[in-house]
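Engineer: Guided by the hints, dock chain B onto chain A, whose structure is given.
If you read the sequences in order, they're chains A and B. Position in the first sequence (from 1) plus 36 gives the number in my numbering. Position in the second sequence (from 1) plus 36 gives the number in my numbering.
Derived by calculation from the structure, the hints in this document are not laboratory data. Accuracy of the hints is not assured; some may be wrong.
Where chains are identical, the list cannot tell them apart; a pair therefore holds if satisfied intra-copy or between any two copies.
Unchecked claim - For lysine-lysine, the following DSS-like pairs were computed, each having C-alpha atoms within a straight-line distance of at most 30 angstroms: (1) 83 / 215; (2) 288 / 83; (3) 75 / 215; (4) 83 / 53; (5) 288 / 141; (6) 176 / 141; (7) 83 / 285; (8) 213 / 284.
Read off the chains here:
Protein chains: 2
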Amino acid sequence: MLVKDSAYLCEQIRQKKSFLCVGLDPDLEKLPNHYLNGKQPFLEFCKDIIEVTHHLAVAYKINIAFFEALGPSGWEQLEQLVNIIPNECLLIADAKRADIGNTSKKYAEYYFDRLQVDAVTLHPYMGVDSLEPFLSYHNKWSVVLALTSNPGSADFELKELRTGELLFESVLQTFVKIKQSNQIMFVVGATHPEYLTKIRKICPDHFLLIPGIGSQGGDLHQVIQAGRNHNEGLLINVSRSIIYPELKKSFKDDVFQAAQNFVTEMSRYF
Amino acid sequence: MLVKDSAYLCEQIRQKKSFLCVGLDPDLEKLPNHYLNGKQPFLEFCKDIIEVTHHLAVAYKINIAFFEALGPSGWEQLEQLVNIIPNECLLIADAKRADIGNTSKKYAEYYFDRLQVDAVTLHPYMGVDSLEPFLSYHNKWSVVLALTSNPGSADFELKELRTGELLFESVLQTFVKIKQSNQIMFVVGATHPEYLTKIRKICPDHFLLIPGIGSQGGDLHQVIQAGRNHNEGLLINVSRSIIYPELKKSFKDDVFQAAQNFVTEMSRYF
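Chain A with its partners taken away, still in its complex shape (with noise of 0.2 angstroms):
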């Protein structure tokens, strides 16, 4: 089995001169009309996309959400779905899952097991106890929200703690600590890059996982500037704007291009 830990990740952004994590998110509202035609017109739309961007990109982020919303033919597209995002990127089920231990244990299971996904988002609100049976995952990532690219991450994350830190900060310092921590990566949206400095004294050496660059408005060019570290410790997720491009030529010409154009502006930064 293949590995993904930081080293392997690092080396596949150099050689790809691109943090590209392009982010799955099929909705029967946005697919193009010809999918829509067909038994499987998820696994249909992101077999198209892969096969366009999976030089580009350094990892796929399959949200979990809009297969669960089809009920059981969505899971049976996403089972297939796993099969085909290559070997060589990362894979990360965007599922933002996490509960009490014995709980908490089956959608490890679920996800680490069965689907074999390299990642999981996970909920820290309930601590540490609750990501145990992921962390129990040694070759595996436990991607924990810190802090999200919603204007809402201003009500709990963004709150101050009597001891001066605010709760992404102290989120961030308790996963920092434990023994797994180098199974860990840290959800940060773009939307925020004001904390990104501040974000890497407290975890230098962590990868971090950005979403809210393109339709959330989020600037690639801070986000690189603030959040890179001496391992690159970065996974730049765009969904909406590649995976929807405004149409010009063909769906897979568009999204081909709107990726292009993001790796483009990365890699200039190597």
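Structural biologist: Just chain B now, kept in the frame of chain A:
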């Protein structure tokens, strides 16, 4: 459509003299052998539990992780299971979801439109806007994690903010104030009875979903004494102690007896 609001729940609780929510956590490793030969072991197992407990329980809480762990067949069983929960009972999907708006919308559509459950459990970490898509269903419950029953609740939920509140109190305060506040329930673990009085000061009118009775060690008397309100206001979840009873007679008899024992205790308070 039967609207299961606070008044309805209050009436059910008084009629049945029961706060009981039966937690459906089917686990292949724990299921009695005779279920394992069937094609839909989880469905058959839950069906038998419902048959012998529906007159005792005011609610059922389906632990989604256990179904998700099976892959598509788990979801197929889940989609049949929701149809056999008696309509008089509140049906809670214990999914612990939450994501940015366009993604939460997909989860909300699945649970409320397709499965037609009455309530979904949700992580508050990402803030109010991450739960808006659930809150936009005015006849449905959003069950927000406040103070959970696991030891890890100390890591963040019990952190003190600069303002003097604990984080979970800030979660309560925040969701008590939103305009859809009457659609909110809070999860408060029975393992923290010392906080219930304080919690009732912040949310005197809200329903609380209380896990942690039984296997996790919470005390029923303390919970009812400190947590009950003018509306009854409590759904007390028991999972393992009812659905995996000590084997004495037949499985169904034992499940019935375990549930009956809890409800006998509860009925003393009416």
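Engineer: State for each hint whether it applies.
Structural biologist: Hints and how they fare:
no., hint, verdict
1, 83 / 215, "neither (38 angstroms within a copy, 43 angstroms between copies)"
2, 288 / 83, "within (10 angstroms within a copy, 47 angstroms between copies)"
3, 75 / 215, "neither (45 angstroms within a copy, 42 angstroms between copies)"
4, 83 / 53, "within (23 angstroms within a copy, 55 angstroms between copies)"
5, 288 / 141, "between (38 angstroms within a copy, 27 angstroms between copies)"
6, 176 / 141, "both (14 angstroms within a copy, 28 angstroms between copies)"
7, 83 / 285, "within (18 angstroms within a copy, 54 angstroms between copies)"
8, 213 / 284, "neither (49 angstroms within a copy, 47 angstroms between copies)"
Hints 1, 3 and 8, counting from the list given before, are not met by this structure.
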